[in-house]
Amino acid sequence: MIHHRIPSCASYADLSRRNFLINSAVAGSGLVLSLSLPFGQGKAGGTDSFAPNAFIRIGTDGEIVLTMPYVEMGQGTYTSIPMLIAEELEVSLKQVRLEHAPPNEKLYANPLLGVQATGNSNAIRGAWKPLREAGATARVMLISAAAKRWGVDAGSCHAEAGEVVHAPSGRRVKYGELAADAARMPIPKDVALKRPEEFKLIGTPAKRLDASGKVNGTAIYGMDARPPGVKVATLAQSPVFGGRLKSVDDAAARAVKGVRQIVRLDDAVAVVADHMGAAKKGLEALKIEWDEGTHAGLSTQDVARELEQATLKAGAIAQNIGDADKAMANAATRVEASYQLPFLAHATMEPMNCTVHFRGGECEIWVGTLAIARLQAMAAKAAGLPVEKVMVHNHLIGGGFGRRLEADGAVRAVEIAKQVDGPVKVVWTREEDIQHDMYRPYWVDRIAGGLDKDGKPIAWNNRFAGSSVIARWLPPAFKDGLDPDTTEGAIDLVYALPNFHVEYVRVEPSVPRTTSSSRRASLMSWRRPRGRTRWHIAVRCSTTIRERRPCSIW
Amino acid sequence: MAFKITINGTARSVDVDGDTPLLWVLRDVLGMTGTKFGCGMALCGACTVHLDGSAIRSCITTIDSVGDSKITTIEAIGATPAGAKIQKAWLDHEVAQCGYCQSGQIMSASALLAGNAHPTDANIDDAMSGNICRCGTYPRIREAIKLAAQSQAKEG
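Chains as they are written, first to last, in this note's numbering: chain H, 92 to 645; chain Z, 7 to 162.
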């Protein structure tokens, strides 16, 4: 059901987005017309298939291909998004084939995020209107083409189950037979969308389109990419963040059957082999010496202490309702406590992996990512290439939870691939995946509550400190010391408190950068359910208040 | 040295070290990617295959330990009566989410059903407790196994 674009490596000598789309479509089924490209002319020219927008392609053979701008990681996007399109296009889900979208912010950005990313649980909200419009646009053009062919009024025709029907005469024609004509129709500017009472698919319990491949082993995840001649590499990164590779004795590793190459990076070493068994055995045989750097002694407790101290300083005011200080002063009982949320790794079922073929002037990548355009940009930087020379094939995702919004794994794979002749799949061991996760930030929340004489909560003061993922990932969204993501859950408690004050102190862990391009500026990232994990704090804190545990006044 | 093994009824020969885990022979040497890598330490069950009908973790099963035993993987489990019923129940009950663990889940469930036509909740727990699902599809897995067992009973 899901088509994976893994074309031959040789076909990308002249790589560009435009060529990529056209070439890969040729490899798939018919031509993608120019309108689906950024250089579109406003009219779906061409003579073969019909592609009125970046989401729909109908071949003259009747094949209907839907390009998925959002990624499937178990949440059902590869069923719900096709439902939106199919509803308006008037086709059944059994008639469509799915493709992963290539990187292209202009065509495939989530309108609610402004970037091409699957996250924040808003794919359906983002897709709701534009993808129904995409389906409706195609339907209108197909109907127009049929009406023109029959010499009848388009208003007397309708679409159903992949056909245009002229009810008065009983004539009907399949979409595939109309594709060439529909491609020549003008693209309507405003199309009428169905009213909810007209929905046939939306709101019904459709069967998942990705299910069959997931029960018979044919579903292809990033981990399963196997471009011809691919080698497998596994790696060890400095166990201390900010550390460097000092020396490595690889004599024993090189003697392992199947090991082909040892790749040294500034802060990591990788073993390239015929298969992962040999790569792992080779890695274990390496004698690695690290220069652990200035953070060799840094502990989790040190980080917690730093954050704890930060909560004693004033922060940016994230929420202020009533007068918490005044209410607190008048409270009959005051309680205060400090809570810590620990670092957490994402632990996706599919460990981090990325396959890269670096060919000098261009680079091809196979990976499962939630933010493909961002990954392309970061990989291009690591490769020292313009983005249009970096092709990225997306895949099904074996668990996201926010981890695959980050491109550190792809950057690392590019660094390794630059030293390897031919394609290399870089697979992180589970141990590496956990140790070098981009963790959910450590947060310290200092919370004070005030109760009236009846024990009713009347005041709430919360100051918390920790990392802002947004400040790194989407800097414009971090304003005046705040961002809606970090404060989510802290500023909108489920409890109605008349006097409510929340401050946030941004503290990024003091982990140094090294010269390596893959070294992270921050180790912190989103982990579902992001800010909402703060609800745990609220619940625990309400327990504190209920228990009226004695403590000092804030 | 070269090892001769039988996978899904087909004799294959692979030239790897004897301590190479079967998982990597399947995935990287033979290109059978339906069997998944999750941990490499027999902790998650994603790599489960059958060795003479029993569910085993291919990530810790070395190639030199396979001998004449017959390996069955997710790619061929549908050809067995229990496997076909499990796969159908998985689809009917919409078990999979991200799906990465489901090859292993299905292999464990198929081995269970092949040896026990009417597994109790305790039997299911025993057979499936080594298969982790990060999406948390456990309730549907349990129901699907029961569904498969019922379909088996109906067919007599």
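Worth double-checking, as some hints may not be accurate.
To be verified - Each computed DSSO-like pair below joins lysine-lysine, with the alpha-carbon atoms no more than 30 Å apart: (1) Z:K76 / H:K185; (2) H:K185 / Z:K152; (3) Z:K152 / H:K348; (4) Z:K94 / H:K298; (5) H:K239 / H:K291.
Unchecked claim - According to the in silico footprint, chain H covers these stretches of chain Z (three or more CB under 8 Å from chain H): (6) 23-33; (7) 55-63; (8) 94-101; (9) 132-144; (10) 147-158.
Unchecked claim - Listing some non-contacts, in silico: residues in chain H with all C-beta distances to chain Z over 12 Å: (11) R299; (12) D301; (13) N307; (14) D365; (15) R425; (16) G459; (17) L476; (18) G546; (19) K547; (20) L584.
If you're looking for bench data, these hints aren't it; they were derived computationally from the structure.
A quick note: this is a predicted structure, and the numbers were derived from the prediction, not measured.
We put the CB at the ideal spot given by N, CA and C, even for glycine.
Consistency of the hints with the structure:
1. Z:K76 / H:K185: Not satisfied, since the Cα-Cα distance of roughly 37 Å exceeds 30 Å.
2. H:K185 / Z:K152: 28 Å, holds
3. Z:K152 / H:K348: 46 Å, violated
4. Z:K94 / H:K298: 13 Å, holds
5. H:K239 / H:K291: With a Cα-Cα distance of about 27 Å, the restraint between K239 (chain H) and K291 (chain H) holds, given a limit of 30 Å.
6. 23-33: With 8 residues in contact (Cβ-Cβ under 8 Å with chain H), the coverage given for the region 23-33 of chain Z holds.
7. 55-63: Our answer is that it is violated, as 0 residues pass the Cβ test (under 8 Å) against chain H, missing three.
8. 94-101: holds (count 4)
9. 132-144: Since three or more residues must qualify, the claim that chain H covers the region 132-144 of chain Z holds, with 4 doing so at under 8 Å.
10. 147-158: Our answer is that it is violated, as 0 residues pass the Cβ test (under 8 Å) against chain H, missing three.
11. R299: 6 Å, violated
12. D301: The claim is violated: D301 (chain H) sits with its nearest Cβ about 7 Å from chain Z, within 12 Å.
13. N307: 6 Å, violated
14. D365: At roughly 7 Å from the nearest Cβ of chain Z, D365 (chain H) sits no farther out than 12 Å, so the non-interface label is violated.
15. R425: Check passes; 40 Å lies beyond 12 Å.
16. G459: Answer for G459 (chain H): violated, closest chain Z Cβ roughly 10 Å.
17. L476: Non-interface label on L476 (chain H) holds, nearest chain Z Cβ at 28 Å vs cutoff 12 Å.
18. G546: 37 Å, holds
19. K547: 37 Å, holds
20. L584: L584 (chain H) is indeed farther than 12 Å from all Cβ atoms of chain Z, at 26 Å.
When held up to the earlier numbered hints, the structure conflicts with 1, 3, 7, 10, 11, 12, 13, 14 and 16 and fits the remainder.
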